[in-house]
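Student: Residues per chain, in single letters:
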Amino acid sequence: MASLNVLDFEKSIAELDENLSKLHQIVADRNNPQNKPDLAGQIAELEEHRTALLSALFANLTPWDKVLLARHVKRPYSLDYIGSIFEDWTELHGDRMFADDGAIVAGLAKLDGLPVAVIGHQKGRDLKQRQQRNFGSARPEGFRKAGRVMRLAAKFGLPVITLIDTAAAAADIAADERGISEAIARSMFEMATLPVPIVSIIIGEGGSGGALGIAVADRVLMLEHAVYSVIPPEGCAAILWRDPDRKSDAAAALNLTAQRALELSIIDGIIPEPLGGAHRDWAESAESVKAALLQNLRPLIGLSAPTLVAQRYEKFRRMGRFTEMEAA
Amino acid sequence: MPPDGWFRRKSKFAPAPAAQIDAQVPDGVAIKCAQCSEIIFTKDFEKNLKVCPHCGSHHRLTAEERIAYTVDEGSWSELFANLRSVDPLHFKEYDSKLAKSVQVTGLGDGFVVGTAAVGGVPLVLGVSDFRFMGGSMGSVAGEKVVRAMEEGIARHLPVVLFTASGGARMQEGLLSLMQMAKTAAAAARLAEAKLPYIVVMTDATMAGVLASYASLGDIHLAEPGALIGFAGARVVAQATVQKPPEDYQTAEWQMGRGQIDSIVLRRDLPQALSTLLVLLTGRTSENAGGLNG
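Chains as they are written, first to last, in the working numbering: chain L, 1 to 328; chain B, 1 to 293.
Hints in this document: simulated from the structure, not taken from any laboratory. We put the CB at the ideal spot given by N, CA and C, even for glycine. There could be a bad hint or two in this list.
To be verified - Facing chain L, from chain B, some residues (calculated, C-beta under 7 Å):
#1 35
#2 51
#3 140
#4 177
#5 219
#6 233
#7 237
Said to hold, decoys possible - Rough simulated footprint, nothing fancy, chain L against chain B, three-plus residues with beta-carbon under 8 Å:
#8 61-68
#9 273-281
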């Protein structure tokens, strides 16, 4: 049961957790003959050991470990953050053209009393949800719903917050038929000139165009163990080495961690996660995300629309590395 | 985002095996159309703008050929030719792939920009060269697309881009991905300046390029038979249960799905471009007759 949701490098922690939970049960049960006074000391020792082990493990995560953490099935998803960060969350459905895509949720809410629009990818937790939400891979109508809600936010002067968590945009024939490429392109095009502040946070997987399609923002932040990539490591490995199993080499080559994205000036900041990853403490993760949202949104609130749009343009305009040769 | 190598559909034009050509014909004088298997004399092939005279297949062009086939003679003036890709991530074999592409194509990178006139209409022209790492968009291609659009705004000229690309260039990681946002933002500025932006999709226009500046034109033209789509065949096969239709991701299929305004034969493209640009900008309004009176 436990092992299903535990990554390989988390196994030693999982074993400790199991032992600890047994000990706690014994301590709680006065009638248990094993309940002896020295157990409390044993528990404290084990917990100290656990913290040390977690710190050591998480100080040496490889890029591939981070990919696995970003995809962790127990990691908080957009709706989990939305539920604990915002008040008066009111979900809005549908793109007014074709359908309501479950892979992207959108709505209005209050952040610390301030009305905002919130848009986020949503993965499913069980098989039924995953099918309904297409595993968080947005279809054209998802991007068009996002666009509709962003235009609504612009009309009423509400800041926009987007939460990014997708492996990639939908790549099936039906998505192509309804113009998935145009939907992503149009979303970026509209975000580039949206006259209200936009803050995007990559909470899990930032999978190429499907992620960037709703991440053209004034501030782009990543959670500490989130990833952001031009191509999934498996796809990259298949091309580079004709071997999808070399995904950990590909993950390293792609520079997809939050730390590298910050060094490359692709993102503006990193939000720390609880020790052991966001999935170990949803409440603490949500608090960090809320604090980062407030901190990053506040300086944008007073800016005029032309200033916002000009600064956003300059931010993306600068991205890229190349040289200019001297004229011969 | 798929890089080079994914969309190399079997080339439509393979060099003809010697045995099939008359023994008197020296090397390089004829090719065989892989689409219809007819033998074509290279001279005829080039005179026909690299379109097979038998079956009408439109063969991929180099940027140089595209410019020569499109612009008014003597009007081309290249811009930003001094931009070169670097290897910011020290990515496996990127350096050597770049060097090889530079050597094969004689280009600095896979996207060429300049000013020109087409049918007498001045414009900024950008052309992607598929030979250069599959026309993939890294920092240089993204920068040149943006500069082409900014040049259009600065000089108050329409912008016409010929696309041919497998998508974002994997070897520059997130820096390539960000070119999608950067080019989309520039397209938004061009739109605000109310300058015409025409995209001509040629074989192949895919993934990160189709999902950014290529899909944001005022008008979308395409060459017949061009491969145009979001994901490569392998990814689509993984994501879809049913078998794709025969014409899946062709220009004709995309036009049927509402993504393309018109499919235009190569020989008709210059005329189509100048006609559209005149219609959009009203350059000849003095001839408008009754409506002006």
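Student: Run every hint past the structure and note whether it holds.
Tutor: Verification of the supplied hints:
Annotation: residue 35 of chain B was flagged as interfacial toward chain L, and the flag is violated, the nearest CB pair being 23 Å apart, outside 7 Å. Among the interface hints, the one on residue 51 of chain B is violated; its C-beta lies about 26 Å from the nearest C-beta in chain L, farther than the 7 Å criterion. Interface hint at residue 140 of chain B: satisfied, since its Cβ lies 5 Å from the closest Cβ of chain L, which is below the 7 Å cut-off. Of the supplied interface hints, the one on residue 177 of chain B holds, with its beta-carbon coming within about 4 Å of a beta-carbon of chain L, less than 7 Å.
The closest approach between the C-beta of residue 219 of chain B and any C-beta of chain L is roughly 14 Å, which is over the 7 Å cut-off, so the hint fails. For residue 233 of chain B, the suggested interface contact is broken, since its CB lies about 11 Å from the closest CB of chain L, more than 7 Å. For the restraint placing residue 237 of chain B at the interface with chain L, the shortest Cβ-Cβ distance is roughly 10 Å, beyond the 7 Å limit, so the hint is violated. For the segment 61-68 of chain B, the proposed coverage by chain L is not satisfied: 0 residues have a C-beta within less than 8 Å of a C-beta in that chain, short of the threshold of three.
A stretch counts as covered by a chain when three or more of its residues have a beta carbon under 8 Å from one of that chain; for the segment 273-281 of chain B and chain L the count is 0, and the coverage is violated.
In the structure shown, a violation is registered for the earlier hints numbered 1, 2, 5, 6, 7, 8 and 9, in ascending order.
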